[in-house]
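Protein chains in written order, with my numbering: chain U, 1 to 230; chain G, 1001 to 1230; chain C, 2001 to 2246; chain B, 3001 to 3246.
One should not assume that every hint holds.
To be verified - In silico contact screen, one side only, chain G against chain B (beta carbon under 10 Å); selected entries:
hint, residue
1, VAL1002
2, PRO1006
3, ALA1111
4, GLY1115
5, THR1182
6, GLY1199
7, GLY1209
Said to hold, decoys possible - Below are the DSS-like pairs computed for lysine-lysine, each with C-alpha atoms no more than 27 Å apart in a straight line:
hint, chain 1, residue 1, chain 2, residue 2
8, U, LYS133, G, LYS1133
9, G, LYS1133, G, LYS1072
10, C, LYS2099, G, LYS1072
11, U, LYS72, U, LYS133
I should point out that these hints are in silico values taken from the structure, not numbers from a laboratory. This structure is a prediction, so every number in the text was calculated from the model and none was measured. Positions of the beta carbon are idealized from the N, C-alpha and C atoms, including for glycine.
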Amino acid sequence: MVAISPTVEAAVADIPDGATILVGGFGTAGQPVELLEALVRGGASGLTIVNNNAGNGEVGLAALIAAGRVRKIICSFPRQHDSHHFDAAYRAGAIELELVPQGNLAERIRAAGAGIGAFFTPTGYGTPLAEGKEVREIDGRHYVLELPIRADFALIKAHVADEAGNLTYRKTARNFGPVMATAATTTIAQVSQVVPRGGIDPENVVTPGIFVDRVVVPATATEPHHEEDQ
Amino acid sequence: MVAISPTVEAAVADIPDGATILVGGFGTAGQPVELLEALVRGGASGLTIVNNNAGNGEVGLAALIAAGRVRKIICSFPRQHDSHHFDAAYRAGAIELELVPQGNLAERIRAAGAGIGAFFTPTGYGTPLAEGKEVREIDGRHYVLELPIRADFALIKAHVADEAGNLTYRKTARNFGPVMATAATTTIAQVSQVVPRGGIDPENVVTPGIFVDRVVVPATATEPHHEEDQ
Amino acid sequence: MSTLPAVPADPAVPAVPAAPAVPASSGSGPLGRDALAAVVARDIPIGAYVNLGIGQPTLVSNHLPPDSGVTLHTENGMLGMGPEATGDEVDPDLINAGKIPVTELPGASYFHHADSFAMMRGGHLDICVLGAYQVSQAGDLANWHTGAPDAIPAVGGAMDLATGARDTFVMMNLLTREGESKLVERCRYPLTGVACVSRVYTDLAVFLIEPDGVVVRETFGISFEDLCDLVPIPLRLAEGARPGSA
Amino acid sequence: MSTLPAVPADPAVPAVPAAPAVPASSGSGPLGRDALAAVVARDIPIGAYVNLGIGQPTLVSNHLPPDSGVTLHTENGMLGMGPEATGDEVDPDLINAGKIPVTELPGASYFHHADSFAMMRGGHLDICVLGAYQVSQAGDLANWHTGAPDAIPAVGGAMDLATGARDTFVMMNLLTREGESKLVERCRYPLTGVACVSRVYTDLAVFLIEPDGVVVRETFGISFEDLCDLVPIPLRLAEGARPGSA
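One chain only, chain U, in its complex shape:
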């Protein structure tokens, strides 16, 4: 059952030191910047973060890394033109990096949410990112065995929520949100708007409410969308 949190601070208040957190977004598109900044203010540390990247510029995930709260990051593409906070922490040996090919990252998160114990993927076979992993030839093709990635919390950004916790997303900001929502003990979604039950056409729900524990509309939300897109 979904709870509507009054503030982003309340939404993340129970995230403890040492938690593993799935963080939505591809760069800043779909990144739950306000939830992450509430987490910076909240003070939890020693976190393991799962995200496609390792922060951009000064906001959101970059701010969390800059504040020294992230012990380890699991991602596919840390190195970007504006990932200087990660770069500095990494070179200082202050942050651990587990590099995962982007599709394996998404599929491992899906597997956690879908109750799949492990799966054979062709991606990464014969590369350094498959070292030490079980390989198998199936039907003439080589595969690597990959394990699920689950987490204590997922912080995601969606577009509209209804009071049943159903979510829609906007354009390519959808990216990791729907799979991450399925793979955490507690999923927290920041959204632009909460509508009553029935306010989202059941055919167009992307994340069913069963995967969502808390929804919050950030006070500072400045959504880029046009109203007619809702």
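Fit chains G, C and B to the known structure of chain U by using the hints.
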């Protein structure tokens, strides 16, 4: 690139004897009845059919089985009050049955479409349906290794198609259509209506056109939907 | 005992209570199917996501109060399923897992079969309620196949439901027509799932399958001693249980 | 040679032609990046689904004619991607894999990351075009990591694209700044994928990676003999190829 077939007969004309075909539907909801009946008229035989059930009453899949065209069926729930054509063929030894738990059936089809070589599922562990399959304990839970199910053709029923081949579905008639569309060499969708490109909101596409090869509006289409649902 | 969920228990849904808020009536005889459905319904926490199997379990929905906030899942691709459809509501594209036309409640959602079973297998459903041929003292379930050589086997979603939900409840008559207990030391029929059942609701008693044995939470119209005579496995009476009179 | 697609080739899309419809200009010197992009674009069949990697491969889109029916995929969750966004079109929620704002064409669709990479891994994309540090004669690709000890590694979707698409084309300059061939017997850099590249488009020649060796389809401003002197692996000239003058 999607082709708009002029008739259901044309849409299925190149399905050869011995083909493996994924057939959408859960009972008759989402079953591509008109495509299946065109297949009966077309004469292909020795078919392997993958469907949740094994035909209902006299139409569609039941008619194909009654016509003796199905060599083998892979399904989760063949025995129903109105599956008499399957029951008779099965008891006569005229049709082979591979029984698969419903979720494993869906996931095996997804795996084929998603390039997953095999996966460990908890479903079926310790039961007769896991006999002879590899089992593994992962994180204290027992799993069974299952392989993909791919096919030469998928015959599905959707609701609206656009000229890019994007599809939407209606209510619980969605069921197996979206995963089957991904797992066949050639996917053929019967729909109620074809609209121009851009006629489906990109946020609401359920099956992207990349998975769809042919779309056809059956001449006899008598859709149960109300116009305002489109 | 329940299987380990792939995702730990959802803190937003209260744990299934170990004992009923209100002691069951321990009246004058075995419970009817409808009264038993009411007992099950009372044990479903507010806000839970629940899948009710075909047959007897479907009756449970009649006893969920409107303010229960319980969301019903049907494995053929829907959350927020409403009551059976009647008259003009009937739509062949909107059916439940038993292929009966149903309705849609506000806040519903549709999804495809792989997503629907991922939802179950991933441990997101709080409870599923299933019928059974037999349940063992270890929580093994047999409900899909009698093993008869001439039977056409059909499994459907039973194995996925049994192993996927956080708690699997069974509803059944305790005894076969021949008077044999269906709660057994070891299932004689082909299994649906291993160690997956957490509770067994029967016309004569409610049984909790616990790691150290089977506990009787309440009895209906039968004494604990007489119940022990019927069931061929060791039973313990729960603390505070109110056994019915024989 | 290409990896085996999980799903056999889609008959709705014509096979990639083995030779260009129009022989390439074999003019006076190496091809510029833009002219090379035009050569690649000409080889993309009508109606194909294509992923263009970051950097040089992105130029290919400028050379796809409006009636090509080619649909562009971006791995961050979109089919039907249009040109780069400008002015009021810029929307931070609509970006490509390089995180550049783009536009949406009619017939577009959005999907989540697991679905997007399932689409790639499942062999549904006809072609992806990638840059490279090195390609081996067996079609091994190295394009994600120089192996330098102080480099921060980043792989993104490169491994998924390389192994997932039915055909992986590489675009690169044939020689490093130091004049060494990037088409090699065996890659010295960490691999992105094994035996995944089917063609290598360079400023000096187009190479086809075939099971029995590397074939030169055309050269640009260089003779086949001079090309063989630059590349440290055995090369065969394709039948009917029109080698350029040196």
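Do the hints match the structure? See the list:
Because the closest C-beta pair between VAL1002 (chain G) and chain B is about 7 Å apart, less than 10 Å, the hint holds. About 16 Å separates the beta-carbon of PRO1006 (chain G) from the nearest beta-carbon of chain B, more than 10 Å, and the hint is not met. The criterion of a C-beta within 10 Å of any C-beta in chain B is met by ALA1111 (chain G), whose closest approach is roughly 9 Å, and the hint holds. Hint status for GLY1115 (chain G): holds, given a least beta-carbon distance of 3 Å to chain B, under 10 Å.
With 10 Å as the threshold, the beta carbon of THR1182 (chain G) comes within range of chain B, its nearest partner Cβ sitting at about 6 Å, so the hint holds. Proximity of GLY1199 (chain G) to chain B holds as hinted, the smallest CB-CB distance being about 8 Å (cut-off 10 Å). Taking 10 Å as the C-beta contact cut-off toward chain B, the hint placing GLY1209 (chain G) at the interface holds, the least distance being around 7 Å. A hinted pair counts as satisfied when its Cα atoms are at most 27 Å apart, and LYS133 (chain U) with LYS1133 (chain G) qualifies at roughly 22 Å.
Between LYS1133 (chain G) and LYS1072 (chain G) the CA atoms are separated by roughly 20 Å; this keeps the pair inside 27 Å, and the hint holds. Between LYS2099 (chain C) and LYS1072 (chain G), the direct Cα distance comes to roughly 24 Å. Compliance with the 27 Å bound is thereby established for this hinted pair. At roughly 20 Å between alpha-carbon atoms, LYS72 (chain U) and LYS133 (chain U) fall within 27 Å of each other, so this suggested pair holds.
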